[in-house]
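Listed here are the chains, written in short residue letters.
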Amino acid sequence: MVNRYINTNTMPRLSLYRPNRTRDYQFLDRTISEMYTVGGLDLYIHKYMGPQTGGEDSALSGNADATQPVYETLSPLNIQDLLLLENRDRVYDPDVYVMRGVYNTQDVDFDLTQFGLFLNNDTLFITFHYNDMIDTFGRKLMSGDVIEVPNLKDYNPLNSSLPAALPKYYVIQDAAYASEGFSVTWLPHLWRVKATPLTDAQEYNSITNKPFVSEQIWDNGNYYPAGSIVNYGDTYYQAQINTPANIDINNTTYWQEYTPPTISDVQGTRDKDTEINDAILTQADVEVPLSGYDTTKFYIVPTLLDGQPALAEGASLTADQTTTVDGTQGGQSTSPRAEGYTLGYLTGSDEITPNGLPVTPGVAFPPNPVVGQYVLRLDYKPNRLFRYDGVRWVKIEDQVRTDLNNGPANKTLRSSFVNNTATVNTTDRGPIPSRQSLSELLKPRADNGG
Amino acid sequence: MAQQFFYDEQIRRFLLQFTRIVSNFQIEYGREANSDQAALLRVPVRYGDASRNAQTIIQENSASSMPSTPLMTFYVSSLDYDRPRMQEPYFVSKVNVRQRTYDQDAETYETTQGNAFTIERLMPVPYKLGITLDIWTSNTNQKMQLLEQMLTLFNPSLEVQSTDNYIDWTSLSIVELDSVQWTSRTIPMGTENPIDIATLKFSLPIWISSPAKVKKLGVVERVIASMYDAQGDLQDAVTNNDLLLGTRVKVTPYNYKVVLIGNKLQCLQGPAIVDQPNSSLIAPDLVENSNLQWPAVVSVYGVLRPGISQIRLEQPDGTEVIGTIALDPNDERFMLFDVDPDTVPQNTLAAIDAVINPQTSAPQDGLDSAIEGQRYLLTEPTGNLDNQYNPTAWVGANGRPLVAEANDIIEYSDNYWHIVFNADTMPGGQYVTNITTGLQYYWTGEMWIKSYQGIYPGGEWSIVL
Numbered sequence: 001m002v003n004r005y006i007n008t009n010t011m012p013r014l015s016l017y018r019p020n021r022t023r024d025y026q027f028l029d030r031t032i033s034e035m036y037t038v039g040g041l042d043l044y045i046h047k048y049m050g051p052q053t054g055g056e057d058s059a060l061s062g063n064a065d066a067t068q069p070v071y072e073t074l075s076p077l078n079i080q081d082l083l084l085l086e087n088r089d090r091v092y093d094p095d096v097y098v099m100r101g102v103y104n105t106q107d108v109d110f111d112l113t114q115f116g117l118f119l120n121n122d123t124l125f126i127t128f129h130y131n132d133m134i135d136t137f138g139r140k141l142m143s144g145d146v147i148e149v150p151n152l153k154d155y156n157p158l159n160s161s162l163p164a165a166l167p168k169y170y171v172i173q174d175a176a177y178a179s180e181g182f183s184v185t186w187l188p189h190l191w192r193v194k195a196t197p198l199t200d201a202q203e204y205n206s207i208t209n210k211p212f213v214s215e216q217i218w219d220n221g222n223y224y225p226a227g228s229i230v231n232y233g234d235t236y237y238q239a240q241i242n243t244p245a246n247i248d249i250n251n252t253t254y255w256q257e258y259t260p261p262t263i264s265d266v267q268g269t270r271d272k273d274t275e276i277n278d279a280i281l282t283q284a285d286v287e288v289p290l291s292g293y294d295t296t297k298f299y300i301v302p303t304l305l306d307g308q309p310a311l312a313e314g315a316s317l318t319a320d321q322t323t324t325v326d327g328t329q330g331g332q333s334t335s336p337r338a339e340g341y342t343l344g345y346l347t348g349s350d351e352i353t354p355n356g357l358p359v360t361p362g363v364a365f366p367p368n369p370v371v372g373q374y375v376l377r378l379d380y381k382p383n384r385l386f387r388y389d390g391v392r393w394v395k396i397e398d399q400v401r402t403d404l405n406n407g408p409a410n411k412t413l414r415s416s417f418v419n420n421t422a423t424v425n426t427t428d429r430g431p432i433p434s435r436q437s438l439s440e441l442l443k444p445r446a447d448n449g450g
Numbered sequence: 451m452a453q454q455f456f457y458d459e460q461i462r463r464f465l466l467q468f469t470r471i472v473s474n475f476q477i478e479y480g481r482e483a484n485s486d487q488a489a490l491l492r493v494p495v496r497y498g499d500a501s502r503n504a505q506t507i508i509q510e511n512s513a514s515s516m517p518s519t520p521l522m523t524f525y526v527s528s529l530d531y532d533r534p535r536m537q538e539p540y541f542v543s544k545v546n547v548r549q550r551t552y553d554q555d556a557e558t559y560e561t562t563q564g565n566a567f568t569i570e571r572l573m574p575v576p577y578k579l580g581i582t583l584d585i586w587t588s589n590t591n592q593k594m595q596l597l598e599q600m601l602t603l604f605n606p607s608l609e610v611q612s613t614d615n616y617i618d619w620t621s622l623s624i625v626e627l628d629s630v631q632w633t634s635r636t637i638p639m640g641t642e643n644p645i646d647i648a649t650l651k652f653s654l655p656i657w658i659s660s661p662a663k664v665k666k667l668g669v670v671e672r673v674i675a676s677m678y679d680a681q682g683d684l685q686d687a688v689t690n691n692d693l694l695l696g697t698r699v700k701v702t703p704y705n706y707k708v709v710l711i712g713n714k715l716q717c718l719q720g721p722a723i724v725d726q727p728n729s730s731l732i733a734p735d736l737v738e739n740s741n742l743q744w745p746a747v748v749s750v751y752g753v754l755r756p757g758i759s760q761i762r763l764e765q766p767d768g769t770e771v772i773g774t775i776a777l778d779p780n781d782e783r784f785m786l787f788d789v790d791p792d793t794v795p796q797n798t799l800a801a802i803d804a805v806i807n808p809q810t811s812a813p814q815d816g817l818d819s820a821i822e823g824q825r826y827l828l829t830e831p832t833g834n835l836d837n838q839y840n841p842t843a844w845v846g847a848n849g850r851p852l853v854a855e856a857n858d859i860i861e862y863s864d865n866y867w868h869i870v871f872n873a874d875t876m877p878g879g880q881y882v883t884n885i886t887t888g889l890q891y892y893w894t895g896e897m898w899i900k901s902y903q904g905i906y907p908g909g910e911w912s913i914v915l
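So the sequences go chain by chain: L and R.
Reading the first sequence from the start, the letters are residues 1 to 450 in my numbering.
Reading the second sequence from the start, the letters are residues 451 to 915 in my numbering.
None of these hints come from the bench; they were simulated from the model.
Warning: the hint list may mix true and false statements.
Pairs of lysine-lysine, DSS-like flavour, derived with a Cα cap of 25 Å [to be verified]:
#1 R:Lys663 x L:Lys297
#2 R:Lys666 x L:Lys297
#3 R:Lys665 x L:Lys297
Predicted model only: the values in this text are computed from it and were never measured.
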């Protein structure tokens, strides 16, 4: 009987699933989009465009590396380093995309590791309307895209002199469909990204090297109070004094070019870390300005050949010096014949003569020397201090103390290999650098680089 | 009562120098603006165990602050007593140093001698300091760039100095690379994306030292050649001054001697000859053929402070005659000796007018006319009780002759000469001053000698600067 009233042939089978994006899907999608418009917040997206074109410096200098291809065009499909599988020098779209998104706010704990403040649990899971994302962004959000979350902007950093509020950046780590974004049609409407706080790193340099300043395009008709910063083309200017309208931007009485700090300078910790490092280096340099030991403060009693004390106080190195112990030694008594008790490991080698007596620097011994005279031969490497004893020039010391900071002033053996800017002339390739990597040793290079 | 506080930042200084070792390294960081050249970025280094307060300040107290990478941090991971390096804990090292004079105004050292010190250093305590260096990089390429540059430093170690002070025997150490941990991540990475940290572990064998003792170096020291007395007793030998004077050999450096002539001291080399020995009652003359100058001698030990520095002359009985000294402005071979009268032996006899030879001089014959109270010390005898014709020059009233022996002291009173000091009967220990020369004489019991003026060989005089 029942079958008489049920038309099994005309009534479709009940199913909300739709394999295609039908009107149900579109109705739901529009509704969801509207919900994101109504209830979501604007998020500013810095779009990852791909690794920089032209490869790295090593590729540009002719040292081609198949694992670090030279790309002609920007593309997110490219991978910069095919060995390490890294995109280190990322390029971000200078345009910023605005999209509505939703995330759950949460409490975070500050994790002060030795590298700085990291926020435990400060991982945002943000959902975006999928189709709006495609329409606005042109593709799905992916790992490497950077999100600026405007409602987390910090208007009150500790340093109140900072020129603007500090925006909060996140970088997307993972992205996928959101489980809560599937409608009854079983079709997804939401895109969920996992984002963690951005670090001031090489990868995001094209974002963080942007000027940290409010963009204010110069208008000749405006009045600008002193200190105002405007940009004119790619150049920033700062008003030196109150500037009335109709003052040309090139009038240096009113305007001076201004180099604004970058986002990295202000929001990153590198500048402060470097300042801290510099302070440590300054103090380290104060405590040990040169390797070895400073013996300049010590006095060495001049002695005669038999070890008896000679007269030094008040004596001067003059040709007619006759003040001696017994009148027979000439200038022998006026200067120490050696480093005396200060002689030791890396001592007395700072180009200062014993007792700070006068020294003649030069590349040859002077004619007609007086006994006791010191000469510093600059053509010796390391420089060598000699003393004239009436018959010959006796070696006193070599200059072996050196600056200990890593850098060109460091004269250690290792530094002479690392901090080497010398060139070697060749008959066919002109001057080539003396410093060369062993692996590239003496290979001809396109730019005569070595 | 608490122990006196001392803190010399010994570990801190090593941390400073360790920071220096790993500082100033660079990595490639994109490209220079408008250039194909790689931009280079210096990697900062700082201490890793920052307080939350300091770290918050670094990061502007803002969650918007972005930690910058690459970054290296280090921290002390261990500090252990290093027993294999232990040495004699009670050992005290002494170093004698002289400083150049420091010009406070110009803030420079001059070419002349300043203070001289003896530095005593107690054996420092050996420790092994462990330092961990964490290297945070945002990619593997940065890490390889950094490590390639840094690891060539340690083969297997690098010298490090905490100070450049010549006297600081604890300043030199080494930084030895113990281990390298490539990454802190687990591979494969999984769902999390932790920061990537390479870790280098270092050890530094350091010394921690107590403060040193600084003492003034200013006394001409005696070198004691024999350490034990005849009984092999060290303690008695050191404390018993008689032994010092008896069995010990006292040496003044270079064996210089001094001669006191009036208020002048001349320093002489050992072989120099003084024309009058101490047994002579005549003051010696200056040794003209010696050019040994006091500044050369004094500079061996320090700086002379005129009127304050002293010279001490040791007497045969162990006492010292002390006087302050100042350089003779007219001749630097001499030191003006201002003797402390309290240290000079007191006269036991009334002063004499002169030392005379009664056989060659007499009143009104080379000497003044005899007057009441006149006193002479005789170097030769005169008169004889058996002689009927005694020298008339010494005859007094009523033809009373003077019969005296050498070394006697005679005095004129009641119109004739009396013997007031009979050398034959007087014991030793008498002192008398010659008014004419200012010399004081000492009666040994057998002869008169100069009491404290004269020659002092090496070891019997000293300088206190």
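Here's how the hints hold up against the structure:
1. Annotation: proposed proximity of lysine 663 (chain R) to lysine 297 (chain L) holds, straight-line Cα distance about 19 Å (limit 25 Å).
2. Distance check on the hinted pair: lysine 666 (chain R) and lysine 297 (chain L) sit about 16 Å apart at the alpha-carbon level, within 25 Å; holds.
3. Distance restraint check for lysine 665 (chain R) and lysine 297 (chain L): the Cα-Cα separation of roughly 17 Å lies within the 25 Å cut-off, and the hinted pair is therefore satisfied.
The earlier numbered hints are all upheld by this structure, with none contradicted.
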